[in-house]
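One-letter residues, chain by chain:
There are 2 protein chains.
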Amino acid sequence: MESFLYQQNKRKIQSPSVLAGIVEKIPFFKESLDPFSCVAEELELVEQNLTRSIRSKECVLTEISSHLIHSGGKRVRPMVTLLAFKAFGGKRTGDVVDIATAIELIHTATLLHDDIIDGANIRRGRESANKRFGLKSTLVTGDFLFIKAFEFAGKFDDTVVQWTADACTLLTEGEILQGYFNRNTKVTVKDYLEIVRRKTASLFQTGTKLGAYMAGATPPQVEWIGQYGLNLGIAFQMVDDVLDIVGHKELLGKPTGMDLRDGNPSLPIVLSLRVGQKAVMDTFECPHPSEGKIRGALEAMGRGIAIQQAKVYSKKYALKASKLIEKIPPSLYRSRLRALGQLIIERDF
Amino acid sequence: MESFLYQQNKRKIQSPSVLAGIVEKIPFFKESLDPFSCVAEELELVEQNLTRSIRSKECVLTEISSHLIHSGGKRVRPMVTLLAFKAFGGKRTGDVVDIATAIELIHTATLLHDDIIDGANIRRGRESANKRFGLKSTLVTGDFLFIKAFEFAGKFDDTVVQWTADACTLLTEGEILQGYFNRNTKVTVKDYLEIVRRKTASLFQTGTKLGAYMAGATPPQVEWIGQYGLNLGIAFQMVDDVLDIVGHKELLGKPTGMDLRDGNPSLPIVLSLRVGQKAVMDTFECPHPSEGKIRGALEAMGRGIAIQQAKVYSKKYALKASKLIEKIPPSLYRSRLRALGQLIIERDF
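Protein chains in written order, with my numbering: chain X, 209 to 557; chain F, 209 to 557.
Please note that a few of the clues may not be correct.
A pair counts as met if it fits within one copy or between any two copies, since identical chains are not told apart.
No more than 27 Å apart at the CA atoms, straight line, and that leaves these computed lysine-lysine pairs for DSS-like [unchecked claim]:
hint	residue 1	residue 2
1	299	363
2	486	398
3	486	457
4	523	394
5	398	265
6	344	398
7	344	394
8	457	282
9	519	501
Everything labelled a hint here was simulated from the structure, so no lab data went into it.
Keep in mind the model is a prediction, meaning the values are calculated, not measured.
Pulled out of the complex, with its shape left as it was, chain X reads as follows:
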């Protein structure tokens, strides 16, 4: 469902200089504080961890893992984890790099299994693993990545293990809830928010909490930054949903209208259903909507107010995140976490 800050078919987050290059292309970033560069070194260590962890005697596991991991993921979850750690004065980064790696591995595992569930053909601008390597190998590789995440997170204390496991449990519960509302026109904004809380925001929330916890933040501080992560994650997904309607195929790395095609209740779809927009309702309900039907529904949404409303929603959650971040001690990293909130709602890819 996501599409932000990646280059089609190229993994480009591997060195600070490359990061700087990406950031320069985004006007907003040049005027603001760049959240990447101040954790670029640690993100590079996360990359090394990821590359090392997917080695297997069965090369297809490595190949499928690499296909997705080296396809230009944004690493936004590791990034917020690392920023949260540093915002609370965390110094020795070895452990938090491992936690950030676990978070990204979990995210990647769920993408592989999601692609099976959605029957997706395209992911991050290239053929999905499911399409290229088939269901069986893709399923097993998802398991493999979950196990690798366990290796990283399982080294830490009970709190880390429990929070990580809880986030993963929420992901599965979110997937089930989303499945329940697949092509189901009864879905409400409240249902949508619950799905997003579980499916997207939980890893943002847990990443930020773990980052703060590893840095020795107090329990209330951990709670605040977790709430920041939760709201940031919700805003992030909402913008993603909007871009699935109005974004550009080349920038997104996938066609628009994927949520309509898959019958997944994105925010603009839910808002269109709420006002009884017939073209959207018919397309969303249809098991195999034609491309013409999808185009019609996208155009109808473009004419309606759903997109505008969805943007208002995303701003509301990003603003909430920005306000929550004020509660933590001021620092360079706090400023960058705030900037990230603004970046997320300003982005157009």
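Given chain X, put chain F in place with the hints provided.
Chain F in isolation, oriented as in the chain X frame:
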């Protein structure tokens, strides 16, 4: 692939008295040492753990988990884990019960994903989860159970986490290797052994190693009992493979010939291919063999020497397990681990 010591559609391992009932039905057990009863109390705690851990706010996750977990699994992996613990004088069983639970949860998760991979309709005498609940929910429930296993195993030290993760990695690598040899007549006994080592025996090996480790066994003792587990697991799978050809549907809780139907290289199939048995070769290669074709191949195998040879193989590995167990200090539990090896090759369901 397995079918041993369970009652169709009934979960019957919940109390020592029920266990005693099962054991009494097996002539061999009456003459031998019953490996169940001496860890019945701990197995009951494993049951309680399992039931508690599958609770979810999404009832379908609980329902699918329960469908498989409460369908009469033999709990042979938790059992050997507990016996290994006690064989090395382990006393406080709380921790090893959690480890044994993790091992069973991992096994159950892989069964759910295996059923998707094999497109299986039947498991433990009832409709497979994949058939009844569909691919999507079954896939997610498999993930859910992996996560619950992680919750249990992640509480322990790095050794426990690493061995558990390594066993899980082997399971995925075994699945890939099995996929490679699916309907592939080039498969050799060596390939078969490597698949079984990874897919079945690794959890037996890791369970016994972890049991011994938790009891404070020395590294060489841990290694021996792990080798016992490995060989026991191989023998166990070989007997399972034989029963898939010559077993009784009612006792197995599934039709015979499943490995031929799914194209999975079981030992009798591999041995039949080795001698160029045409009916087996044609059926094994065929993407959708008819029931008549499968029956023909089963009959051909019944006439050939593959079954007899497979039994010899299973005895060889069970004997190896029995010899390895002699290396550990004599005890009631050692005798029962040895009895288990004999039971496994004697069973006819």
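Each hint, compared with the structure:
1. 299 x 363: both (19 Å within a copy, 25 Å between copies)
2. 486 x 398: within (21 Å within a copy, 61 Å between copies)
3. 486 x 457: within (25 Å within a copy, 53 Å between copies)
4. 523 x 394: Result: close within a single copy only, 25 Å intra versus 60 Å inter.
5. 398 x 265: So residue 398 and residue 265 pass the 27 Å test across copies only (16 Å; inside, 45 Å).
6. 344 x 398: between (35 Å within a copy, 23 Å between copies)
7. 344 x 394: Result: close only across copies, 21 Å inter versus 33 Å intra.
8. 457 x 282: Result: close within a single copy only, 17 Å intra versus 52 Å inter.
9. 519 x 501: Close inside one copy (24 Å), not across copies (61 Å); limit 27 Å.
This entry satisfies every hint, going by the numbered hints stated previously.
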